[in-house]
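Chains A and B, in that order, are what the protein sequence lines are.
Position 224 of the first sequence, counting from 1, maps to 224 under the numbering used here, and the rest follow consecutively.
Going from the second sequence to the numbering used here is simple: count from 1 and add 279.
Everything labelled a hint here was simulated from the structure, so no lab data went into it.
Among the clues, some could well be false.
Heads up, incomplete: computed chain A residues facing chain B, CB under 10 Å, no partners named [said to hold, decoys possible]: (1) W11; (2) W52; (3) L258.
Taking lysine-lysine pairs in the DSSO-like style, the calculated list, with each CA pair at most 27 Å apart, reads [what the hints assert, rightly or not]: (4) K569/B to K107/A; (5) K62/A to K74/A; (6) K346/B to K74/A; (7) K517/B to K62/A; (8) K517/B to K4/A; (9) K569/B to K349/B; (10) K349/B to K461/B; (11) K418/B to K517/B; (12) K346/B to K569/B; (13) K142/A to K74/A.
Chain B residues, not near chain A, derived (Cβ > 12 Å throughout) [as the list claims (entries may be wrong)]: (14) S298; (15) I312; (16) F341; (17) G343; (18) D344; (19) K349; (20) V360; (21) V385; (22) P393; (23) L444; (24) M487.
Every residue gets a Cβ at the ideal spot worked out from N, C-alpha and C, and that includes glycine.
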Amino acid sequence: MAGKRLRWAAWHLLAAGGAFLMIYPVIWLFMSSFKRSELIFVTAGSLLPDPWVWENYVTGWKGIGGLHFGIFVKNSLVLVVLATIGAVLSSALVAFGFARLKFKGNKFWFSVMMLTLMLPFEVTLVPQYILFSELGWLNSIKPIVVPAYFGAPFFIFLMIQFIRSIPAELDEAATIDGCGKFRLFWRIIVPLIMPAMATASIFSFYWRWEDLLGPLLYLNRPSLYPVSMALKMYLDAETISNWGAMFAMSVVSLIPVLIVFFLFQRQIVEGISTTGLKG
Amino acid sequence: MSMRFAAWRDQFTGYAFISPFLLGFLIFTAFPIAASLYLSFTDYDLFSPPSWVGLEQYQTMFSGDPKFWKSLRVTFIYVFVGVPLRLSFALLVALLLNRASRAIGVYRTVYYLPSIIGGSVAVSIMWRNLYGDEGVINKALNFIGLESVRWFADPFAALWMLITLSVWQFGSSMLIFLAGLKNIPPSLYEAASVDGGNPLQRFFRITMPLLTPVILFNTIMQTIAAFMTFIPAYIISKGEGGPLDGTLLYSLYLFRRAFVFYDMGYAAAMAWILLAIVAVLTALVFFTSKYWVFYETKED
Chain A
1 MAGKRLRWAA WHLLAAGGAF LMIYPVIWLF MSSFKRSELI FVTAGSLLPD PWVWENYVTG
61 WKGIGGLHFG IFVKNSLVLV VLATIGAVLS SALVAFGFAR LKFKGNKFWF SVMMLTLMLP
121 FEVTLVPQYI LFSELGWLNS IKPIVVPAYF GAPFFIFLMI QFIRSIPAEL DEAATIDGCG
181 KFRLFWRIIV PLIMPAMATA SIFSFYWRWE DLLGPLLYLN RPSLYPVSMA LKMYLDAETI
241 SNWGAMFAMS VVSLIPVLIV FFLFQRQIVE GISTTGLKG
Chain B
280 MSMRFAAWRD QFTGYAFISP FLLGFLIFTA FPIAASLYLS FTDYDLFSPP SWVGLEQYQT
340 MFSGDPKFWK SLRVTFIYVF VGVPLRLSFA LLVALLLNRA SRAIGVYRTV YYLPSIIGGS
400 VAVSIMWRNL YGDEGVINKA LNFIGLESVR WFADPFAALW MLITLSVWQF GSSMLIFLAG
460 LKNIPPSLYE AASVDGGNPL QRFFRITMPL LTPVILFNTI MQTIAAFMTF IPAYIISKGE
520 GGPLDGTLLY SLYLFRRAFV FYDMGYAAAM AWILLAIVAV LTALVFFTSK YWVFYETKED
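Input sequences plus hints: build the corresponding full structure.
Shown next as structure tokens:
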């Protein structure tokens with residue numbers, strides 16, 4: 001009995017110790033954002049701010065380059081919402097086609113789609129840039145948002161897995177009742193795959209919120225910048241006096257991500273475990 | 280309604296549903312792939328029309344550009360040190376957490392959190408500062424009696440920053456391994472303990488073989504993702520890839536060639552070399568898999 005207790009304690013000690021090491025950098029960032037800017041590195045060894053100050057959040061939120069930080073947050077939200085709606089709806093449509101409809105080439109195009117998951121983005125980077133500049137889309141959010149409306153392979157795959165778990169008798173019954181394919185999709189399949197669509201939305205939110213390369217390439221006007229680019233501006237203008245603001249706004253940029261993470265943990269864990277793909 | 284019409288209509292409906300993907304694939308993937316192959320044989324600066332130069336870009340890359348080789352070497356170290364370390368940690372922690380306890384949920388959350396936030400600019404900025412001359416890492420080194428390291432002065436030390444940032448995000452692989460471990464039937468372990476196998480034997484005889492398909496899949500996907508790493512290198516080196524090209528990952532160098540120097544032809548050639556590398560590695564992992572991946576044969 002004593003041996004079992006001891007092993008239990010040792011296991012917890014190991015697991016908790018590792019967990020503490022993992023989370024320490026994030027706690028350090030959070031705590032540092034409440035330290036006075038010039039003290040952040042003088043007192044880097046201790047976690048607790050002395051004195052606690054709010055000023056980093058006040059100066060940080062005032063923004064950079066003459067732009068209020070709220071503008072960057074708004075820009076990010078616009079990108080996230082527009083791209084997510086497009087990616088999730090179009091992916092659901094495509095997933096239904098692959099999972100439920102019989103047509104020549106179904107298997108072939110499915111394999112092509114899975115291959116694009118493994119395609120390094122660098123291969124399409126330059127021609128895409130040329131394409132969007134020929135279209136006159138530079139300095140707008142179109143190059144970032146429009147491609148989302150053509151389905152995202154990762155989400156399509158996720159939803160195909162989900163649709164396959166729905167009994168096919170349901171479709172047959174609906175078809176016998178004279179339900180067309182689109183109505184079948186919209187009235188029966190979509191309500192049933194809501195959980196998969198929710199998971200896709202969560203991942204879409206993460207990727208769009210964190211995306212740097214798209215904005216870096218296509219947005220040159222700071223008034224269009226999302227949060228990721230604003231943080232880059234802070235980094236470019238790094239001085240002792242604005243460390244605090246940079247730390248504080250980094251924390252601000254992580255807050256929505258953390259909220260979504262804690263609210264939707266179950267979906268995230270399932271999304272990762274069932275597709276075996278990274279978030 | 281004739282049979283032929285019905286068959287034709289089924290074809291049409293199918294393609295109508297997958298048309299967003301088809302169009303997107305043609306416009307944003309297939310056409311750009313072909314275009315970048317063409318561009319890789321040209322000299323193109325975006326402003327004047329591309330001029331055909333044959334294999335010149337590839338020749339420059341292989342024999343006239345030491346930076347290309349440096350960036351390739353940095354990337355290989357990053358991938359082949361980072362990915363195995365990341366997967367090992369993922370497996371170790373998954374084994375640690377694969378037991379019944381109410382605390383599992385909390386631990387799993389904490390270990391997984393870094394892979395959710397890890398790709399962000401905020402975390403790259405945080406990482407940069409952890410490794411500052413007066414940062415936490417150096418304070419910890421001093422605490423255990425070691426000397427501070429100037430992480431931003433030494434190319435290898437700087438690359439180490441990137442590798443540790445990647446390893447820190449082992450959580451998503453850990454989740455996949457945990458799911459794999461849960462799928463191993465307990466009856467197998469019971470049989471093994473009746474036969475008197477010790478825990479280490481059970482691990483190497485049962486757990487590892489049954490987990491190999493998951494490991495294979497993870498190795499491929501993580502390797503590809505590692506070759507595409509951009510944000511951490513860009514943020515940590517402030518877009519330069521320094522010191523002494525120590526953090527000049529392949530995608531950062533490609534980005535700089537294309538969008539700092541407007542050397543589109545060269546960047547396209549680099550992209551095709553990368554595609555070839557990724558394809559060869561994937562094929563290699565795939566074809567050697569029959570020697571080390573254990574597939575359960577279905578009886579009945």
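For each hint, the structure was consulted:
A cut of 10 Å between beta carbons decides the hint on W11/A: the least distance to chain B is about 8 Å, and the hint holds. About 19 Å separates the beta-carbon of W52/A from the nearest beta-carbon of chain B, more than 10 Å, and the hint is not met. This hint holds: L258/A has a C-beta 7 Å from the nearest C-beta of chain B, less than the 10 Å allowed. Distance check on the hinted pair: K569/B and K107/A sit about 24 Å apart at the alpha-carbon level, within 27 Å; holds.
Only pairs whose Cα atoms come within 27 Å are accepted, and K62/A paired with K74/A is accepted, the gap being roughly 14 Å. Note on K346/B and K74/A: the hinted pairing is violated, with a Cα-Cα distance of about 40 Å set against a maximum of 27 Å. In summary, the hint linking K517/B to K62/A is supported, as the alpha carbons are separated by about 23 Å, within the 27 Å threshold. Distance restraint check for K517/B and K4/A: the Cα-Cα separation of roughly 52 Å exceeds the 27 Å cut-off, and the hinted pair is therefore not satisfied.
For the proposed pair K569/B and K349/B, the alpha carbon gap of about 34 Å is over 27 Å, so the pair is violated. For the proposed pair K349/B and K461/B, the alpha carbon gap of about 43 Å is over 27 Å, so the pair is violated. Restraint check for K418/B and K517/B: the C-alpha separation of about 24 Å stays at or below 27 Å, so the hint holds. Restraint check: the Cα-Cα separation between K346/B and K569/B comes to about 37 Å, which exceeds 27 Å; the hinted pair is violated.
A distance of roughly 16 Å separates the Cα atoms of K142/A and K74/A; the hinted pair therefore holds under the 27 Å criterion. Distance check for S298/B against chain A: the nearest CB is about 8 Å away, which does not clear 12 Å, and the non-interface claim fails. The Cβ of I312/B does not lie farther than 12 Å from every Cβ of chain A; its closest approach is about 6 Å, which violates its non-interface assignment. Every Cβ of chain A is farther than 12 Å from the Cβ of F341/B; the closest lies at roughly 18 Å, confirming the non-interface assignment.
With a least beta-carbon separation of about 20 Å from chain A, G343/B lies farther than 12 Å from that chain, consistent with its non-interface assignment. Annotated as non-interface, D344/B keeps its C-beta farther than 12 Å from every C-beta of chain A; the closest such distance is 17 Å. Distance to chain A confirms K349/B as a non-interface residue, since its nearest Cβ pair spans about 18 Å, more than 12 Å. Interface exclusion of V360/B from chain A stands, the closest Cβ pair being 19 Å apart, more than 12 Å.
For V385/B, the condition that its CB be more than 12 Å from all CB atoms of chain A is violated, with the nearest at approximately 8 Å. Taking the minimum C-beta to C-beta distance to chain A, about 6 Å, the non-interface status of P393/B is violated against the 12 Å cut. Interface exclusion of L444/B from chain A breaks down, the closest Cβ pair being 10 Å apart, not more than 12 Å. At the 12 Å boundary, the C-beta of M487/B stays outside the reach of chain A, the nearest C-beta of that chain being 18 Å off.
In summary, the structure is inconsistent with hints 2, 6, 8, 9, 10, 12, 14, 15, 21, 22 and 23 from the numbered list given earlier, while agreeing with the others.
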